[in-house]
Amino acid sequence: MNATAGLNPAGLDLASIPERIQSEVQRAIQRSIKGVEYISTSGPSLGSTPKDILSVRGTMNLYHYRPLADEIYRVPILIVMATTNRGYILDMVPGQSFIEFLLKRGYDVYMLDWSAPKPEEKSLRMEDYVLDFIPDCVRQVQRDSGETDVTVIGYCFGGVLSLLYGSIFADGPMKNLICFTTPVDFREMKLFQNFSDRRYFDVDHLVDSIGNVPPEMILSSFEMLRPASRAASQVKLWENIWNDEFVKSYRMFDRWATDTLPLAGEYFRTITKDLMWDNKLYNDTMSVGGLKADISKIKVPILHAVAEHDHIVPYDAAKPLIQKIGSADKEEVMLKGGHVSLVAGANAIKRLWPKLDSWLCERST
Amino acid sequence: MADKSNDPVALWQHMIGEMEKGFNSFANQAMASPEFSKVVNQVGGVTAGAQKQLSDLMEKYLLGLNLPSRAQMVGMAERLAAIEGQLNEIKALLHQMQGNSAAPGRTHAAAPRPPRTKRPPSAGGEQK
Chain A
1 MNATAGLNPA GLDLASIPER IQSEVQRAIQ RSIKGVEYIS TSGPSLGSTP
51 KDILSVRGTM NLYHYRPLAD EIYRVPILIV MATTNRGYIL DMVPGQSFIE
101 FLLKRGYDVY MLDWSAPKPE EKSLRMEDYV LDFIPDCVRQ VQRDSGETDV
151 TVIGYCFGGV LSLLYGSIFA DGPMKNLICF TTPVDFREMK LFQNFSDRRY
201 FDVDHLVDSI GNVPPEMILS SFEMLRPASR AASQVKLWEN IWNDEFVKSY
251 RMFDRWATDT LPLAGEYFRT ITKDLMWDNK LYNDTMSVGG LKADISKIKV
301 PILHAVAEHD HIVPYDAAKP LIQKIGSADK EEVMLKGGHV SLVAGANAIK
351 RLWPKLDSWL CERST
Chain B
1 MADKSNDPVA LWQHMIGEME KGFNSFANQA MASPEFSKVV NQVGGVTAGA
51 QKQLSDLMEK YLLGLNLPSR AQMVGMAERL AAIEGQLNEI KALLHQMQGN
101 SAAPGRTHAA APRPPRTKRP PSAGGEQK
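One line per chain: the protein sequences are A and B, in this order. Following the working numbering, the numbering of the first sequence begins with 1 at its first residue and continues without gaps. Following the working numbering, the numbering of the second sequence begins with 1 at its first residue and continues without gaps.
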């Protein structure tokens, strides 16, 4: 028996019990007060880094963020957001904004963000995204910045679009490519594969009958990957509702996660058939608008950041990117975190952001 | 030092975490089966069709009541957002005209931009 002074044989610190009870009572009171506050107030204002809208065309929005440094790197950055989610995940609140971080480190930042496609935009195809929206934004970045070279950063499916763009426009003007959690081998997205099993999932019927794929369906498919996590996070919220920082962070991420965008019907049909069913990007048979999209043609420096615990894009789905890309200067970095915490929040501030800065600053002059 | 295994709050949190992991893992195994895909897609196909029909019906009903539908409200909100965006562009242009110090070709700059001369720390650039 190794009980020490103040501990009973079971290891319980008897002296601390009154303090513990007092602390729990205080937290219970705080929970009641903060719980009412939580219901009656809105969350923090997100995406508030000052920016100018350069272009709005249907679902496409191009922003330019106002520089925050006295001197900036020559090469501007164009961030291509995933088409299922809003870009403010990269611009949460001051001090937790990836955009603000980049601006303070001296980068000139543009973002291609998406708004919900309207019913009449259901006919938008993969070609519209890869051969029209992205090249149009790149041209506008070139014109606005006065620079020919552009660094492209793609998050999740924004990374897939960036890869398709980069492989078709392999001669430039993309100077560097950074992908965050970007899938290439869609066979390895096991649960999504099963949800869209071609024997049972009639994508033609779905798109022909409803047009754009509703955001509720996209959100459900993400939530089904971890069906208990929403309920568990509600319990954690209640436990920590006395903690302002926890609540602020919870509200930011929860708002973003549930703010899912619909997907244009034709675009969704192509994703399902070409990527989920035929795995064309991995098999080097992908083409967009009749143009072959072979990622081995990409020769620019590339950094691929993947998350150790990514349940949306498992590592096996993302791994082939670096293997298949044609660049000599290529690096994959696996960081702790999940699909979202890789790019936003305390984990990202500590891990991804400094890594990206040290990699990109050398390639931005 | 108090043993964490005897802390009821820590035990509760651990239990919730383990239950979450266990349930997720169990559900993922169940969802990986072809039967699950078959059932979900059959139900989903019917639901999607029914939702579409209901939505069309509701649209007609609201039209009959001379009320705007959700789609119209969303459209109006987007239109307002677009107008706000255009106002921002006009504001930026006005600032530019007032300052008249932007580089040629820069149509949206509200203020003069910093020089593109920054160097990385390895090349002697300063990190602030």
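Careful: at least some of the hints might be erroneous.
Stated by the list, open to error - Within a straight-line C-alpha distance of at most 27 Å, the following computed DSS-like cross-link-like pairs (lysine-lysine) qualify:
| id | chain 1 | residue 1 | chain 2 | residue 2 |
| --- | --- | --- | --- | --- |
| 1 | A | LYS248 | B | LYS91 |
| 2 | A | LYS336 | B | LYS21 |
| 3 | A | LYS319 | B | LYS91 |
| 4 | A | LYS236 | B | LYS91 |
| 5 | B | LYS21 | A | LYS350 |
| 6 | A | LYS122 | B | LYS21 |
| 7 | B | LYS38 | A | LYS273 |
| 8 | B | LYS38 | A | LYS118 |
| 9 | A | LYS51 | B | LYS91 |
| 10 | A | LYS280 | B | LYS91 |
| 11 | A | LYS190 | B | LYS21 |
| 12 | B | LYS38 | A | LYS190 |
| 13 | A | LYS104 | B | LYS60 |
| 14 | A | LYS122 | B | LYS52 |
To be clear, the hints were calculated from the coordinates, so they are not data collected in a lab. Bear in mind that the values here come from a model prediction, so they are computed numbers and not experimental data.
Are LYS104 (chain A) and LYS60 (chain B) close enough, with their CA atoms no more than 27 Å apart? Distance of about 52 Å is beyond 27 Å: violated.
Checking one constraint from the list: CA of LYS319 (chain A) to CA of LYS91 (chain B), max 27 Å. Satisfied? violated (46 Å)
Is the hinted pair LYS280 (chain A) and LYS91 (chain B) satisfied, with a Cα-Cα distance of at most 27 Å? Outside the cut-off at roughly 46 Å; violated.
Hey, LYS336 (chain A) versus LYS21 (chain B), does the alpha-carbon distance stay inside 27 Å? holds (18 Å)
Does the alpha-carbon distance linking LYS21 (chain B) and LYS350 (chain A) stay inside the 27 Å limit? holds (26 Å)
Given the hint that LYS38 (chain B) pairs with LYS190 (chain A), test it: the Cα-Cα distance must not exceed 27 Å. holds (15 Å)
Given the hinted pair LYS38 (chain B) and LYS273 (chain A), is their alpha-carbon gap at most 27 Å? The hint holds at about 18 Å.
Has the given pair, LYS236 (chain A) with LYS91 (chain B), been kept, meaning a C-alpha gap of at most 27 Å? violated (44 Å)
Quick one, are LYS122 (chain A) and LYS52 (chain B) close enough, alpha carbons at most 27 Å? Measuring from Cα to Cα gives roughly 14 Å; hence the hint holds.
Is the Cα-Cα distance between LYS122 (chain A) and LYS21 (chain B) 27 Å or less? Violated - the C-alpha atoms of LYS21 (chain B) and LYS122 (chain A) are around 38 Å apart, more than 27 Å.
Against the 27 Å threshold, does the CA-CA distance of LYS51 (chain A) and LYS91 (chain B) hold or violate the hint? holds (12 Å)
Just to be careful, I want the Cα atoms of LYS190 (chain A) and LYS21 (chain B) compared with a cutoff of 27 Å; is the pair within it? Distance of about 18 Å is within 27 Å: holds.
The structure does not agree with the numbered hints 1, 3, 4, 6, 8, 10 and 13 stated previously, though it agrees with the rest.
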